[in-house]
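Peer 1: Start from the sequences and build out the full structure, keeping to the hints where you can.
Protein chains in written order, with my numbering: chain A, 352 to 925; chain B, 352 to 925; chain C, 14 to 297; chain D, 14 to 297.
Quick caveat, the hints were computed from the structure, so don't treat them as lab data. Where a beta carbon is used, it is the ideal one built from N, C-alpha and C, also for glycine. There's no promise every hint is true.
Said to hold, decoys possible - In the EDC-like style, the derived pairs of lysine to aspartate or glutamate whose C-alpha atoms are separated by at most 16 angstroms in a straight line are:
1. B:Lys731 / D:Glu290
2. B:Lys724 / D:Glu290
3. A:Lys731 / C:Glu290
To be verified - Covered stretches of chain D (chain A as the covering partner; in silico rule of three or more C-beta atoms under 8 angstroms from a C-beta of chain A):
4. 146-158
5. 168-177
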Amino acid sequence: MGNQLTITLGGAAGQGLVTVSHLLLTSLARMGYRVFATQDYMSRVRGGHNFMRIHIARKQPRNAPDHANALLALDNRSVETHAASLRAPGVVILDPATVTARPPNGPLVIEAPLSTIAKTQGSKVYENSAALGALFAALGLPLEGAAKVFEDQFAKKSAKILADNLAAARAGFDAVRTRYPSPPAALWKPDGKRRALINGANAIGLGMIAAGLRFIAAYPMSPSTGIFTYVTARARELGVISEQAEDEVAALNMVIGASACGARAATTTSGGGLALMAEAVSLAGISEVPVTIANIMRPGPATGLPTRTGQEDLNFVLSIGHGEFPRFVFAPGSADEAYYTAGAAMNLAEKYQVPSFILGDQHLVDSYHTVDKLDTSKVKPVNYLLDPRKSTAPYLRYKLTNSGVSPRAYHGMTEAPFITDSHVHEENGHITEDPLLARKMAEKRFAKLKGMAKEKTGLPAWSGPKNAGVVFVCFGSVAGAARDAVDTLAAIGVKAAALCFNRVAPFPAAEAAKLLRGKRRIHVVENNIQGQFERLLIAHTGVKTSVPVRRYDGRPFDAAYLINALKETYRWRI
Amino acid sequence: MGNQLTITLGGAAGQGLVTVSHLLLTSLARMGYRVFATQDYMSRVRGGHNFMRIHIARKQPRNAPDHANALLALDNRSVETHAASLRAPGVVILDPATVTARPPNGPLVIEAPLSTIAKTQGSKVYENSAALGALFAALGLPLEGAAKVFEDQFAKKSAKILADNLAAARAGFDAVRTRYPSPPAALWKPDGKRRALINGANAIGLGMIAAGLRFIAAYPMSPSTGIFTYVTARARELGVISEQAEDEVAALNMVIGASACGARAATTTSGGGLALMAEAVSLAGISEVPVTIANIMRPGPATGLPTRTGQEDLNFVLSIGHGEFPRFVFAPGSADEAYYTAGAAMNLAEKYQVPSFILGDQHLVDSYHTVDKLDTSKVKPVNYLLDPRKSTAPYLRYKLTNSGVSPRAYHGMTEAPFITDSHVHEENGHITEDPLLARKMAEKRFAKLKGMAKEKTGLPAWSGPKNAGVVFVCFGSVAGAARDAVDTLAAIGVKAAALCFNRVAPFPAAEAAKLLRGKRRIHVVENNIQGQFERLLIAHTGVKTSVPVRRYDGRPFDAAYLINALKETYRWRI
Amino acid sequence: MADIADIHYAGELAWCPGCGDFQILKSVEKAIAALGRKPHETLLVSGIGQAAKLPHYVRVNGFNGLHGRALPAAFGAKVANEALDVIVASGDGDLYGEGGNHFIHTVRRNIDITVVAHNNGVYGLTKGQASPTADMGFVSPTQPHGVIMTPLNPVTLAISLGAAFVARSFSKDIDFTAALIVEAVKTPGFALIDVLQPCVSFNKVNTYQWYGERAYKLDATHNPADLGAALAKAAEWGERIPLGVLYKNPRATYMDHQRAPGSPPLCRAAPAPEQVEALAREFC
Amino acid sequence: MADIADIHYAGELAWCPGCGDFQILKSVEKAIAALGRKPHETLLVSGIGQAAKLPHYVRVNGFNGLHGRALPAAFGAKVANEALDVIVASGDGDLYGEGGNHFIHTVRRNIDITVVAHNNGVYGLTKGQASPTADMGFVSPTQPHGVIMTPLNPVTLAISLGAAFVARSFSKDIDFTAALIVEAVKTPGFALIDVLQPCVSFNKVNTYQWYGERAYKLDATHNPADLGAALAKAAEWGERIPLGVLYKNPRATYMDHQRAPGSPPLCRAAPAPEQVEALAREFC
Ligand SMILES: Cc1ncc(C[n+]2csc(CCOP(=O)(O)OP(=O)(O)O)c2C)c(N)n1
Ligand SMILES: Cc1ncc(C[n+]2csc(CCOP(=O)(O)OP(=O)(O)O)c2C)c(N)n1
Ligand code: SF4
Ligand code: SF4
Ligand SMILES: [Mg+2]
Ligand SMILES: [Mg+2]
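Peer 2: Here you go:
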C-alpha cells in the first residue's frame, strides 16, 4: 500500500468503458481520493481498443503514468496490450466467459463472472456495475463508497434499475472478495474529504458560463465537442442559446453577430474547424467585436489523428487571420486552471475587444482530475460596456484613444445607431481609404497590446525549487507531466523545476526572461515536431535552450517520458 | 531633359484612365523607353479618384516615386490632389471644358480640348486617344510611336474605329504641339530597342502556364483576380481548364483533387480567401498533393483596404493550416522575377509534393515595368512523376524514404490503384492510429526540408556595393524601392545596399547570415506594422537590426520614403 | 418613430451612376421609415460587394461583415437582440455564391429576419464575373466562353427549402419593393425578397429594358399559400418574370422554439451566480 | 475487368456491427464490379465521417479528403482525368451540412460524377448530433430539446437545382442500390443517390424497421422526366417513402461544354513550348 496506484480500464468502443470509469472515478473522488485519469480512444463508435488510465495518489496527481498496477480488461485486446507491462502488485480483472487471453507471466488474474452476473440481473448492461464491484473488492474499497454515485446515476431511471445495478455491483464485489479476502491491490484509507471531479471540457464550459456566456455556436469536432455539449445540455435552464451551425465558418460569424448585439458569445472547435474560422477571426480583429474561441488541438495535418492529443496549432493560432490585430491566447495546464482561464479569457475579450483563444488539447479536455474546490467567486462576468449616461454624442464606435480601446456599445443598447465594419474605417465605422486613418487605426489596435501585456491572467508558473539546475519549460497541458517529473526527480534528490506557460499571447517576455535568467539547462517539452513553443520562447527572450523533449505521435507525455529523455544526459539513476 | 521623368495620370474610375495609361505604356515600351508604372485605385467601379504613375528612366526603374513631373488630369480632383506637388518641369494637361480646377501656382497648364475633339470624332470614347495625342506632344514623342499600338488595340474592332482613334490622337497632338512647339516635358531619345511590358499578375500567370499548369480554380478577389483572368482568357486555346469556384474552400479542394489526378493545378487569392483555404492547405500538406497558391496581399484585417498594398500576411502564410508540414513560400520582388518564381514554385511543388506559395501584393501584381526579354527557355514543366517501368509492387503512395519524398503517381496513371488520404496513414494510404507510424510519417514529411532548403530558387539577392555601410533588408515587392534607394544614395556618394529576399520558407538562414555578417546598420523595410519579416530574420539568423522602416497605410514604398526615414539618423544631405 | 430625414445618409454613395442599388437603397429607407421604429431599433447586415455597402448608407445600425457571411452574422444578431428589426441587404454573389451554405441552413432555421438580395447576375465590385444567377452563356472576364452552369433560381430554392416568405421585385419599382420589405419584416420568420437589379457597368444582358419587357406583377389569382403554384411562378423566367409575393409558409420561428414569449432579449439577461454555483456542485 | 474478388478489401471495417454502411459498401463493390472497369479506372472520393471511410474499403483508387469537401475534390479529379469513373461516397453531414454550398454548385456544374449519400440523419462519427436531414424533434446531445430546423430534403433540393439524375434507395436493398449506382455512373452528368442508412448506434428513430414500414419502390407509372411528378415523389416522407429513380434531366455535362469530344484527358496533355513563346510575345 504505497502512495499511489494506477489502474487501466480497457475494452472496445461501446463496451461500457466510459460508464465503469465514470462510476469508479466519481466514487473515488467522493470517498476522498485524489485522482487523475486520461482517456485513450480511437476514432470509432464500436470496436477497436480504448482505455482509461486512472492514477490515484496521496498527493494530487497532475498526470497519469504510461503504465499501471492493475487492469480491468473487458476484452482480449486489453489483456494483450496492457497486461505485460503491469507493475506490482500486477492485477488483471477479467471475465473468463468473454476474455480468453491470459498474460504470459507475472500478474495475478482475477476471474470475475461479470457476464453471468449481468445475465442473472437480466441484462448485459449490468456488466458495468458488476465490473465496478469487482474493482472495489480488488482495491479493498467499501462498496458503500459507490452507493450514492449509483443513486445519482440510476435512480432517475427507475428504482428497479438502481436496485439491479446495486445488486450486480454487490455480486461482482462478492465474487472477488470471496476468493481474495485480502484485497490484492489495496488502496490506503482516503482522507474522507469529498472532492470535485472535473475534466477540461466541463471546466472550460463552466468557466464560460460563469463569465456570462449567452450564446454559443459550434460545429461538432473531436476533441472539442465535449465543451459544446456540456454547455448545450445546460443551455435552456440558463437562458443561454446554443446553436449547432452548418459549418465552422457560420459558427464564428454567428458568434460575432451575437456579440456585436450584446450577447457574450463563444465557439468551440479543433484545428480543421479553426482553419475554417480564420477569416472570421480577422473580422473580429478589425471590427473589434469580442469573441472567445476554444480551439482544442489534436494532431494534424488535416484529419490527422482525430481523437488524440497534440500541440501543433500554436503558430497557427498565434498568426491566424489575414492582416494584423492583437489577440489573447491562453493555454491552461489543467482542468481546474482551465476553469479560471476560460472565465478570464471571456472577460478579457470584452475588456480589450479582441479575439481571445483558449488553446487546449485532447489531453486537457478529456482528462479528469479531482479538485478540492472550484472557487466560483473568482469568475464573474465583468461589464466593460460603455456607461450610456457618460457617453457623449456623436457616439464613435472606433474612437481613437490612447489605450486603443474605444467605448463599446452593442447594437440597440443606446439610442445611437452605429456601424460594425470589416474595412479600414473612420471612427464612426464608415469605410475609408485614407492613408492617415489607416495608419492610425492600425496603431490604435496595437496600442491595446500595452494593456493586454500587463494583465495578470495566465502568467508563467514556476514549480520546484528556485535554484533548480534543470528546468522543464512547457505550455498548456504538458504542465501536468512536467510537474510530476519535478516531484519524481525531487524524490531521488535531483533539483528540477517546471516553468509552465499558460498565456502565450501577448507573450510574457519579461516575466519569462526573469524566471529563466541564468538557467543553462532549459528543456522545452512540447507535443509537436517543430519545437514551436521553443522558437517562440527564444524569439521573445533570447534564452539559450538545451536538448528539447518533443513528442508527436498523438500521445500525451508522462513524467517518465521526460525523465527518460534526459536520463542519459544527466546520468540520473532512476 | 534629364535621366528620368514621372507622369501621373489621374481621374475617376470609369473615365478611361486604364485605356490611356495602357496606350501610353505600351507605346513607350515599344519605342524603347524603360518604364515602371504603379496603379492607385479605389474599391469602386465608377467615380472616386484613381491614378497611374508612370516613371520613365534611362536606367531600368524598379519603382515609381511618390511625386511626378507631369500630370494628365481627367477631373478636378486630379488637379487638386496632384498638381501642387509636381516637380520641374511641372506640366498639367487638362481639358478646360471638363476640368475647371487650376493649380494655385507653378505648373504649366496645357489646355487640350479633348472632349471637343472626341465630339468631332463622334463619341466620348475618343477622349482617351485625344489625351494620348496631347501627352505625346507634351513629351515630345512622335505620334508614329503609337501607331502600331493603336492598330493592335483597335483594328480588330473595325477599320473606322481605328481611323477615328488615330484622328483623335492626331488632333490632341496637334492642339498641344501648335501652342507648344517645343515640348514642355520633353523626353530623351530612346534606344529604339522594343521592350516587353509586363505586370506582376500577367507574369505570374504566364509563369504558371509555362510550368505546365493544366487546371486553375479560383474565386475572384482583388488584387489577385488579374492572374486568374489572365490565365482564363487564354485557357481554352491552351487546353487549360479554368473554373470559377463557388468559394475559396471549393477552389483549393478542386485544385487538390485535380492535382491528385494528374493535372498541375493552382489557385489565386488574397488574404480573406486564403483564410478560407487554410484547411485545404493542411490537406495538401498531409496528403502530399502538390499545389501552388498565389496569395496576393492587400491590407487587412478582414476586408481592410481591398485595392491597396500591404505585406501583412507573411506570418499567416508561414503557419497557415493546422498541424505541421513543410511548404515553400516565395515572394518575388518584381514582375519579371515573378515570372521565373511562379514557374519554379510550380515545379518545386511537384518535386517535393508540398504546397508552394507565391506571396505577392497589390504593388507587385498591378505595377507594370519593361523588360528586355522574358527568357521562356528557363521555365519548363519538369516531370517528377514516378517512372512506371521502375515502380515495384505494391505501389506505396507514402513510402518512407530518406528524402521524405515518395514516388508519386496520379490516380489512374498506372494499373495500381492507391489512396490519397487526409489522416495519419500507412505507407499505402490507409488510416492508422499507430503511434510509431504517426511519428515516422511526421519525420518523413519534415525530412523534405533538407532538400527544399538546398534549392537555389529565390535566394536573397544583394544589390549595391559589398562594403555598404547601410543595408536595407526586405522581402517581396519592396525590393524595387529598396534598390532604387540604393541607386539614389549612390548618386550622393552614400554606400548603401539592398538585401532582397524572395524565398522566405524554407528560410535561407545560412545565406542570410553570411550576407549580413558584420553589418551593423541593418534596416528592415516592410509593409506592415508588426515587423513580421524582421522578426523572422532575427529568429533565423540572430542578426541585430537597427531602426526599421515600416509602412502600413496601404501604400507602397518609394525610394524617397526609405531615405527620408533614415535621413536624420545618418545626416544624409539629400 | 423615424422618418426618412432621420435615417437618410447624406454622404457620397460609391455606386456607378444609374445602378439599381440606388433604387434598392431608397426602398430600404422607405420601408424602415414606414415600419416606424427608432433608428437604433433596426440593424442592417451585409457581406461584401457593391450591394453590401448599403448599411453604410442608412443611418440605422449597420453590420458590414465578410463576403458571404451576412446570414450567420444576422442570425447571431437577431438571437442576441430580438428587439432589433434585422434586415440583410447584400449581393447575389454574397448570398447565393460564397454564402450559399448559410442560405440553405438559415432558411431551415426560420430566424425572423428579412433578406433583400440585390440580384444583378454579376460580381459587381470585383468587376463583372458571373454570379450564380447569371444565365447560361453570359460572357465575363472569367467566363470568356460564356457561363456553362445552370443558373441558380433563388426563389425556387427558398421555396423548396420551406422559407416563410418569398418574394421577387425589380429595383426600379421603389415603392413596390418598399412595400414588400415592410410586409416581410412584419412576417415572422425568414423572408427573402430577391430584387432584380440592373448593373449598368457589367451586366449588358439583364438591363432595365430587358427586365422592363418581361417583369409583371402577380395578381390576386396567385395564391402564395399554394406550394405548387409558388414553384410554378418561381420557375417563370425568360419571356415573363413575375414580381410580388410568391410564397408564404407561416410556421414557428427559431426564437419561438427557443424561448418562452416575453423573455428578455439575451443581451439584457444576466446569468445568476446561484446557477453557476449549482453547476459547480454537479462535479462533486 | 474487375470482379468483386479483385476489389474486395479484406481488412477490418471500423463500423458498428449492424450499420447500414456495410450494406452500402456491398452495393458499391457490386456496382463497380458490374461496371467492368479495371481497379485503377475508378476513383472513390469522400470527406470525413463514418460513411467517408468507405474509399478505404474498396481496392480501387481512393481520395479521402476533408469533411464537407468531397464534391470539389471529385470535381477536380474528374476534370483532370476524365477517364476515371468518379464516385463520391460520403455522409449526409458531409454532403449537405459542411459541404452544402458545394452540393448546390456541383449540381449546377453537371460534372459527370455519381454521389452516393449515406443518409443516416446524424453525424455518426462525432457521436450522434443531428444532421441536416434529421426530422424536427430529433433529440441528440447538441439538440437536447429536439431539432428545431426543418429537415433538408436532399432529393427535392437536387431536383430543383436541375440535377441530371436523382434517386433514392434504402441501404438494406443491396442489389437495388447497386443497380442504381450502375445506372447513375452510366448516365452522363451529376447523379445523386440518396441512400437511407440506419445508424444503429445513434439514430433510434429512423431504424431498419422504420424504413421497412415506409419504403416502397416506384413503379413504371412514375415518369422521371416529369419535373412536377419528380418533385411530388421527392416530397413524400413520413408515412410512405418512395425509392428508385425520381428524376432524370439529360443535359450537356461540364466537360461537354469545356472540350471537344475525344480530347485527351488533362493529365495526359502537355503544354506546347511555342504556345508559351507566343504568350510571351504578346507583351512586346
Ligand atoms: C472571401 C472573399 N472572397 C472574395 C472577395 C472579393 N469580393 C468582394 S465583393 C465580391 C463579389 C460581390 O458580388 P455580389 O455579392 O453579387 O455583390 P455586387 O458587387 O454584385 O453588388 C467578391 C468576390 C472577398 N471580399 N472576400
Ligand atoms: C472541418 C471539420 N469539422 C468537423 C469535423 C468533425 N467531423 C468528422 S465527421 C463529422 C460528421 C460526420 O457526419 P456524416 O457526414 O453524416 O457522416 P456519418 O459519420 O454520419 O457517416 C464531423 C462533424 C471535421 N472532421 N472537420
Ligand atoms: S458595378 Fe454594377 S452593381 Fe456595382 S455599382 Fe456599378 S452598376 Fe452597380
Ligand atoms: S455510429 Fe452509426 S453510422 Fe457510424 S458506424 Fe456506427 S452505426 Fe454506422
Ligand atoms: Mg451581384
Ligand atoms: Mg451521417
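Peer 1: Hint by hint, say whether it matches the structure.
Peer 2: Results for each hint:
Among the hinted pairs, Lys731 (chain B) with Glu290 (chain D) is consistent with the structure: their alpha-carbon atoms are about 11 angstroms apart, no more than 16 angstroms. Taken as a hint, the Lys724 (chain B) and Glu290 (chain D) pair is honoured in the structure, with Cα atoms around 11 angstroms apart against an allowance of 16 angstroms. The hinted pair formed by Lys731 (chain A) and Glu290 (chain C) meets the criterion: a straight-line CA distance of about 11 angstroms does not exceed 16 angstroms. As drawn, the segment 146-158 of chain D meets chain A at 5 residues by the rule of a beta-carbon pair under 8 angstroms; at three or more, the given contact holds.
Counting residues of the segment 168-177 of chain D whose beta carbon lies closer than 8 angstroms to any beta carbon of chain A gives 0, which falls short of the minimum of three for the stated coverage.
Comparing the model with each earlier hint shows a violation of hint 5 alone; every other hint is respected.
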